[in-house]
Every structure is written in C-alpha cells, then in structure tokens.
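Sequence lines, in order, name chains A and B. Note that the numbering used here gives residue 317 to position 317 of the first sequence, counting from 1, and the numbers run on in steps of one. Positions in the second sequence are counted from 1; adding 1000 to them yields the numbering used here.
It is worth saying that the hints were derived from the structure and are not from the lab. The structure displayed is predicted, hence computed values, not measured ones. Backbone N, C-alpha and C define an ideal beta-carbon position, used for all residues, glycine too. Where hints are given, some of them may not hold.
As the list claims (entries may be wrong) - Mimicking SDA-like on lysine to any residue, the simulated pairs with C-alpha atoms at most 25 Å apart in a straight line are:
no.: 1; chain 1: B; residue 1: Lys-1296; chain 2: A; residue 2: Phe-184
no.: 2; chain 1: B; residue 1: Lys-1087; chain 2: A; residue 2: Tyr-125
no.: 3; chain 1: A; residue 1: Lys-204; chain 2: B; residue 2: Asn-1221
no.: 4; chain 1: A; residue 1: Lys-312; chain 2: B; residue 2: Asp-1092
no.: 5; chain 1: B; residue 1: Lys-1091; chain 2: B; residue 2: Val-1180
no.: 6; chain 1: B; residue 1: Lys-1296; chain 2: A; residue 2: Leu-301
no.: 7; chain 1: B; residue 1: Lys-1091; chain 2: A; residue 2: Lys-219
no.: 8; chain 1: A; residue 1: Lys-204; chain 2: A; residue 2: Ala-179
no.: 9; chain 1: B; residue 1: Lys-1087; chain 2: B; residue 2: Leu-1192
no.: 10; chain 1: B; residue 1: Lys-1091; chain 2: B; residue 2: Ile-1147
no.: 11; chain 1: B; residue 1: Lys-1265; chain 2: A; residue 2: Glu-146
no.: 12; chain 1: B; residue 1: Lys-1091; chain 2: B; residue 2: Lys-1265
no.: 13; chain 1: A; residue 1: Lys-204; chain 2: B; residue 2: Lys-1240
no.: 14; chain 1: A; residue 1: Lys-219; chain 2: B; residue 2: Tyr-1191
no.: 15; chain 1: B; residue 1: Lys-1240; chain 2: B; residue 2: Ile-1147
no.: 16; chain 1: B; residue 1: Lys-1087; chain 2: B; residue 2: Ile-1147
no.: 17; chain 1: A; residue 1: Lys-204; chain 2: A; residue 2: Leu-301
no.: 18; chain 1: B; residue 1: Lys-1087; chain 2: B; residue 2: Tyr-1191
no.: 19; chain 1: B; residue 1: Lys-1087; chain 2: A; residue 2: Arg-120
no.: 20; chain 1: B; residue 1: Lys-1240; chain 2: B; residue 2: Ile-1187
no.: 21; chain 1: A; residue 1: Lys-312; chain 2: A; residue 2: Gly-202
no.: 22; chain 1: B; residue 1: Lys-1265; chain 2: B; residue 2: Tyr-1244
no.: 23; chain 1: A; residue 1: Lys-219; chain 2: A; residue 2: Thr-243
no.: 24; chain 1: B; residue 1: Lys-1087; chain 2: A; residue 2: Leu-301
no.: 25; chain 1: B; residue 1: Lys-1091; chain 2: B; residue 2: Lys-1240
no.: 26; chain 1: B; residue 1: Lys-1296; chain 2: A; residue 2: Ile-144
no.: 27; chain 1: A; residue 1: Lys-204; chain 2: B; residue 2: Lys-1296
no.: 28; chain 1: B; residue 1: Lys-1091; chain 2: A; residue 2: Glu-146
no.: 29; chain 1: B; residue 1: Lys-1240; chain 2: B; residue 2: Asn-1176
no.: 30; chain 1: A; residue 1: Lys-312; chain 2: B; residue 2: Trp-1082
no.: 31; chain 1: A; residue 1: Lys-312; chain 2: B; residue 2: His-1093
no.: 32; chain 1: B; residue 1: Lys-1091; chain 2: A; residue 2: Phe-184
no.: 33; chain 1: B; residue 1: Lys-1091; chain 2: A; residue 2: Phe-310
no.: 34; chain 1: A; residue 1: Lys-204; chain 2: A; residue 2: Leu-178
Unchecked claim - Short, incomplete list of chain B residues facing chain A, as computed with Cβ under 10 Å:
no.: 35; residue: Ala-1121
no.: 36; residue: Ala-1172
no.: 37; residue: Val-1229
no.: 38; residue: Val-1285
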Amino acid sequence: MSERLHGHGAGATITVAAGVYLLFVVLLLAAPLIIALIQQPFYLDLLTRVLILAIAVVSLNLLVGCGGMISLGHAAYIGIGAYSVGIPAYYEIYNGVIHLFLAIGCSAVFALVTGAICLRTRGLYFILITLAFSQMLYFTLVSIDEYGADDGLLIQQRSQFNGWLNIDDATVLYYTVLAALLIFLFAMHRLVNARFGRVIFGGKHNDERMQALGFDTYKYRLACYVISGAMCGVAGFFLGNFTHFISPEMMDWTRSAELIFMLVIGGSGALFGPLTGTAAFLLLEEFLSGITTHWHLIFGLLLIALVLFFGKGGLHGLLTRLSRKRSDTTQ
Amino acid sequence: MDWHLLIAQLLNGLQLGLLLFLLASGLSLIFGIMDFINLSHGSFYMLGAFVCATVVALTDSLIVAALVAVLVVFVVGALVEWSIVRKLYNKDHLDHVLVTYGLILVFDSVARLIWGSAGAAIPLPDVLNGRIEAGGFVIPSYRLLIILCGLLAAAGLYFLVTRSRLGMLIRAGASNRAMVTALGVNIDRLYLIVFAIGAALAGFAGLLIAPITEASIGMGNEIIIIAFVVVIVGGIGSIKGAFYAALLIGFIDTLGRSYLDDLLKLFLSNHAAETAAPALSAMGVYLLMAGVLVFKPRGLFPPAGFNKK
C-alpha cells in the first residue's frame, strides 16, 4: 500500500505508471491546441469538466486513500464552492477574489464543524454521518426560496479578477483549472510524504498504535478533513463558474457516490489515480451516453465487475502490475 | 388548534413511520448481522411497486399482485445475495458502497427497460378507494389499510424474531456473529435468508405506497437514505430500535411539514415559509441522527449484548 502515495523507494516498478502519467499531463497541456486544430470546442468543455472534478477527487483521495475515511458526503463541498460564486453573483458581486475566499473559507468552516463530530465515529457510522451532514446542507439549500430552492440559480457572469485573469475565455479557464490541479497534486505529494501524511497513514492502519506513539490522531484527522474540504470547495468554485449555474442537485448523495466511483477507478491512494479515474469516468459516460440511452446499465455492471474481478488499485494497480510484468521479463 | 387536522397528520406520520420500519428492519438486520452496507435496498422497494403494478394490470386482483410481488422480490433478493453480495462480506465498506451503488444503476436501468420512464399506476378497487367516517373524522380507507398492513408485518416480524428458531439465530447473529459461526450454524444459508427477507419487506413497503404515489424509477433512492437514518437512530441490528425510530422519524417528518410552516410564517413570507418547512423538517431528521451518533453512538436501542468489533 505504502508505495502508492509515498513515492520513495518504489524504484523501477513505478516507471511505466510514471511514464503514462507524464504523457497524460503533457497531453492535457497540449489539449487546447489539438482541439483548436480539429475545431471541436465541445471537447474542451468536456476536458475542463474532467479537470474540475479531478480536483474534487484529489481532495477525496486525501480522505479515503490516505486516511481511510470514507466520506459519502463530499459533494457538499462542491456545492458550497459553487454557491460561493452563485450567491454573491445574485447580489451582483462578481469579484473573483471574494468568491474564492468564500469558497475556501466556508468549505473549511463546514469541514471543521462537521468533521469535529464525524471523526468521533469510525467505519460504517462515519460513512453515514458524512452522508447525513451533506443531506442537511442539501435540504437547507432546497428550503431557501431566495436562492432558487430546487430550481437553482443562473450565474450571469463568471468571477472577475480585475482584468488580470479572464476566465470568461474557455481556454484561459481550462489552463487556470489545470494549473490549480497540478498545484494541488504537488501539494498532495508533499503533504503525504511529510510527517503529517505519515501520521494519517499510520492512523488508517493502526490507530491505537499511533496514539500509543503519542500522536493525537483525532487532531491530525480533523486537519486532514478540513484541508480536503477546502480543496473540494475550490473545485466547486470552478464548477459554478464553468456551468454558470448552481443548484442543490450538485450535492445530492448520488454525486458523492460518483466521486468515490471516480477515485476507485483511478486507484484510491495513488497520487494520479484521481486524474485518470475522473477522465475514464467522464469520457466513458460521454461515449456510452452517445451510443445508448441505457448507458447506466453498462456503467453499473462495470462498477460491480470492477470491485468483484478487477482487484485492488483501479487503473493505477493495473499499470503497476503491467510494469512488474515487464521488469520481470527483462531481468 | 384544528384537532381533525392533527389526527389526520398523526395518521400520516404513523403511515410513513410504518413504511420506514418495513424498509429499515431488513436494512438493520443486514447491517447488524452481515456488517454490510446495502445502498441498493431501495431498489427492492421500487421492484415491489413495479411488479405489483404489472400483476394488477394482468389479474385485476390486488391481493394476488401483492403476494406475487413479495415473492418475486424475495427471489430477486436471494439471487442478488447469492451471486454478488455474498462475495463482499469479507471486503471493506468502500467496496460495499461501490457495488451497491452499481446495483442501483443496474436496477434503475433494467426497470426503465422493462416499464419505461413514465412509471406505473396501481388502480385501487372501489372498496379501498373510499373514505371511512368515524366520529366526525374522515380517513381514506386505503391509508388505514397501509397502517394495518404495516402493523401486521411488524407483529409478524416480532414473532419471527422472538419466537422462532430462525429468529433466535438472527438475534444471535446480530449480537455476536463470530460465536454463531463457531457453534456450527450454516451461516451462508442464514445470510441468504436474512437478505431475502429484508428485500421482501422492502418490496412490500414499495407495493403498499405505490397506489398513492405510483411506481416510478428511482423511487427508492430518496427514502433509503431516511431508512439508513432510522437504522442508526434505532441501533444497528435492532428490530425494536428500528420500530421506535421509524415511528419517531415518521412523526417528526410529517408534523414538521404540516406545522413548521405556521411557525415559520411568523418570521417569513407565506411563500418562503411553505418552501422552507418541508426541507427544514427533513433536516430535523438528519439533525436527530447526528445527535444520536454523538451522544449514543450505538443507537437508542442497541441489540442485547451488542459488541462492536
């Protein structure tokens, strides 16, 4: 398990995976140029969506992959981030700095308050209490008539950054989201390899032992929960801007389940797992829904097969198994 | 205070509570005995409603349809346990969430393939379509039937669990799973039966509500979350807890919906109060669950000798 997020010492076995991920990032960097060449602007939208949700899944990875805290309410933070754009925009405040500040601040506060309660529980109970809190938020927003209740709100104008960053432009938005994602990935890498990440990781495997070593794992976990929530709030900020629309449906519990789905496809605990998983999920969704209206059936069967037959580690596990085979044959 | 309205709302609360109990009792047993999270339990609720609608259309008999539907859901539940769920007991909860979410997608799309997106209504015979008047109160007779059926099912389950050999094993399983296995009980068969009974109870709840709401795709996905709340509040693995918690939550939700808006109208505009009341009463249900998890993490009525691993 530890060779996944903690890159050190894994040696030659991760080289194929690393090569694939590097190629993936290069492709993402070049994507707008390629899309401009083939004149299919729709694909830029699709990729922007992939990157935005990948940020959310990266933040979920910190909880699930690193800390073993399975949250079934993570979409709540996407909602908070999006409403942080939508509600000020409703009052004709379009200042992007304020939006971003609100998105990060409100997500962090919500994570702090709910996390303090959720983290007293473990396992099954944790899954359900995170779900309960996201449902509470969902119903709160459904109840506020002023902000559109069930129907949601249209956002008239994207966040403004005084002219030095114009995210009205699709390509600029794409690169902004990509930059944010890469920064978060780098931060994740540093975080999980630092003492902090080691403690969280240790607590996942044997909480009592970590406590016996003198670590207050509850505080570490709470910090982890707040960081994750704030990061996901940024994803919500981008999603609100991207879709020009907010609605409580963004934080429906099935959305949270989808985020877990994406994480597991890519490989829970692997640094780049969220990126490949989200891309695989959304591209497959796009592809299948183009062929048949009953694509949910194929999706559901795939999901069941993934868990029953595919083994642990999702795409990342597959890539590492491939590279092991290769290094076995070359030796 | 309008007493007629209050009585009507109390009956509605009782009705919702009993439906929740039918869903939650199976869920709670599956939780308690197999340590398995079944998000797709609501699919059995939907299946019961759709099968019942189809059989009613074919035979014109609600009783036959109800029997057939419960049987079909029982068999489907057993098949799902045997083919998929059984392989997951030793895996972690993340896998449970994923597979059962996959099952929801499969059940919803198969239902859409068979019955179409529009949903299916179940027409009631005239006997049940009327109203019963007693002492100035008017009660739709079908709602009374739901309450009666719910109480009967609860009583049946009570006798099954407390008076039969199967029930003894179920209770033993909820209290200490490892010990039951060690005593040489065929645990595979016990799991299969518990899962199928849970599914059948959910199917029964679905077919009971369908004449009022119609059978529709995804009808189970909203109510299943509330059923989870019932399970947590009542205590995982406890039938008695599920019963009291279901009634409590049924009343909170129904009374909140009908009386909270009057209260809110003191502060808010009429329209805003009417939108806010149902959502706030739904929120109250989750608030209750959070409170229970913080102060009584094992639920209000944990099963006897319950030891959490």
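For this session: Any hints from earlier that this structure breaks? Give me their numbers in increasing order, please.
Result: Violated: hints 1, 3, 6, 7, 8, 10, 12, 13, 14, 16, 17, 19, 22, 23, 25, 26, 28, 32, 34, 35, 36.
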